[in-house]
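**Student:** Note that the protein sequences, when read in sequence, are chains X and D.
Just so it is clear: in the first sequence, position 176 is 175 by numbering that gives the first Met the number 0, and no numbers are missing.
Just so it is clear: in the second sequence, position 8 is 7 by numbering that gives the first Met the number 0, and no numbers are missing.
These are calculated hints, taken from the structure and not from any lab test.
C-beta: ideal position from N, C-alpha, C; glycine also.
Misleading hints may appear alongside valid ones.
Have a look at the derived ranges for each label pair, beta carbon to beta carbon [what the hints assert, rightly or not]:
(1) A11(D) x G81(X): 38 to 48 Å
(2) T133(X) x M93(D): 41 to 51 Å
(3) R2(D) x D49(X): 18 to 28 Å
(4) A109(X) x P68(D): 43 to 53 Å
Some residues of chain X that are not near chain D, with every Cβ distance over 12 Å (derived) [what the hints assert, rightly or not]:
(5) L27
(6) A29
(7) A36
(8) L64
(9) T66
(10) L87
(11) G141
(12) V143
(13) H173
(14) I177
(15) F183
Simulated coverage check for chain D against chain X, where a stretch passes if three residues somewhere in it have a Cβ under 8 Å from a Cβ of chain X [said to hold, decoys possible]:
(16) 8-17
(17) 20-29
(18) 37-44
(19) 59-70
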Amino acid sequence: MTHPSTHSGQADKVTFGFWVYLMSDCVLFAGLFATYAVLRTATFGGPAIDSIVDLPYVLGETLLLLTSSFTMGLAMLAAHAGKKHLTLAALTATLMLGLGFLTMEVYEFAHLLGAGHGPGTSAFLSSFFTLLGTHGLHVALGSVWMLVVMAHVYVRGLVGGTRSKLMCLGLFWHFLDIIWIFIFTFVYLFGSL
Amino acid sequence: MTRLASYITGFALSVVLTVLPLVLLWMHEAGGHTYPSHTMMYAAFVVFAVLQMGVQLYFFLHMGEEARPRFNLMALSFALIVVAIVVGGTLWIMDNLSRGQHEQLPFIEGVITPATSND
């Protein structure tokens, strides 16, 4: 699907297979979103969503992730142009932005836990932590995976196998960005109304 | 449009689509939570999210450039249908259940006197 002209048939199959995985991941998140939507008012005396939303902070998280999606795109471009060092630089930037996002999210969670508002407080907080935690876990695993792919690019260069790994990682990263957009909308924007 | 220009356009659009709903929210708060109304705000948020998803799919994931037959698009469409059924169905059923808990059944009223004690 992405950059069909430069793809061999085998690499196309690999990216399509990975795409099918992403679509099933999408269904997993649908379940978590549905759970959150049902439980978001079940606060059981604990804090409600509007009291734990800090929109400027969330905007910061969102911009970090959006920018990381953009630098991931730049890494793809550099890889297609065969520029190894540029690819590695763009991936490093993506990784830094992703880790920045994770740091902000961990800080947000730590803040909630510190105030005694853990996932055990209410059904709402359970679903909140599950939805955001699952997304955060994806970003964390994606970051580890990015390190591995960077090592591949560094050692082997931009050969066929590395290229197709990079392509899958790119799809994964953009996909996480889309999931975050829906968290931003349905958790934070809806919650602050 | 070159690839780089396409990524830059996509990035600019995605930032605009993130900031616009926030501006709308601040307008809403400045207007004393009356205008734009809550329903309009919810609708606008959903529209911005869907547009944002479109931007990401088109500019970053290059969904528009796929060669036929478009298997990626088919997989995506199927996933979106499943998502709509799971989320829409859950909300529908749970909303009906929570309504049912508060409703007095009309044919029981007037026939059975409500119990005032536990015996």
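**Student:** Each hint: holds or not?
**Tutor:** Do the hints match the structure? See the list:
A hinted range of 38 to 48 Å for the beta carbons of A11(D) and G81(X) is inconsistent with their spacing of about 27 Å. For T133(X) paired with M93(D), a C-beta distance near 20 Å fails the hint of 41 to 51 Å. Between R2(D) and D49(X) the Cβ separation comes to about 42 Å, which falls outside the hinted range of 18 to 28 Å. About 48 Å separates the C-beta atoms of A109(X) and P68(D), a value consistent with the hinted range of 43 to 53 Å.
Interface exclusion of L27(X) from chain D breaks down, the closest Cβ pair being 10 Å apart, not more than 12 Å. Not every C-beta of chain D lies more than 12 Å from that of A29(X), the closest at about 4 Å, which undercuts listing it as non-interface. At roughly 6 Å from the closest C-beta of chain D, the C-beta of A36(X) falls inside 12 Å, breaking its exclusion from the interface. Distance check on L64(X): its Cβ comes as close as 10 Å (rounded) to a Cβ of chain D, failing to clear the 12 Å threshold; non-interface status is violated.
With a cut of 12 Å on Cβ distances, T66(X) falls inside the contact zone with chain D, its closest approach being about 7 Å. The beta carbon of L87(X) is kept farther than 12 Å from every beta carbon of chain D, the shortest such distance being approximately 18 Å. The Cβ of G141(X) lies farther than 12 Å from every Cβ of chain D, with a closest approach of about 15 Å, so its non-interface assignment holds. Non-interface status of V143(X) relative to chain D is upheld: no Cβ of that chain comes within 12 Å, the nearest being about 22 Å off.
Against chain D, the non-interface label of H173(X) is violated: not every CB pair exceeds 12 Å, the least being about 5 Å. Not every C-beta of chain D lies more than 12 Å from that of I177(X), the closest at about 5 Å, which undercuts listing it as non-interface. Distance check for F183(X) against chain D: the nearest CB is about 7 Å away, which does not clear 12 Å, and the non-interface claim fails. Look at the region 8-17 of chain D against chain X: 5 of its residues bring a Cβ nearer than 8 Å to a Cβ of that chain, three or more, so the hint holds.
Using a Cβ-Cβ cut-off of 8 Å, 4 residues of the region 20-29 of chain D lie near chain X, which meets the minimum of three, so the contact claim holds. Proximity of the region 37-44 of chain D to chain X, defined as three or more residues with a beta carbon under 8 Å from a beta carbon of that chain, is established by the 4 residues found. Given a C-beta distance limit of less than 8 Å, the hint that chain X covers the region 59-70 of chain D holds, as 8 residues qualify and 3 suffice.
Hints 1, 2, 3, 5, 6, 7, 8, 9, 13, 14 and 15 from the earlier list are contradicted by this structure; the remaining hints agree with it.
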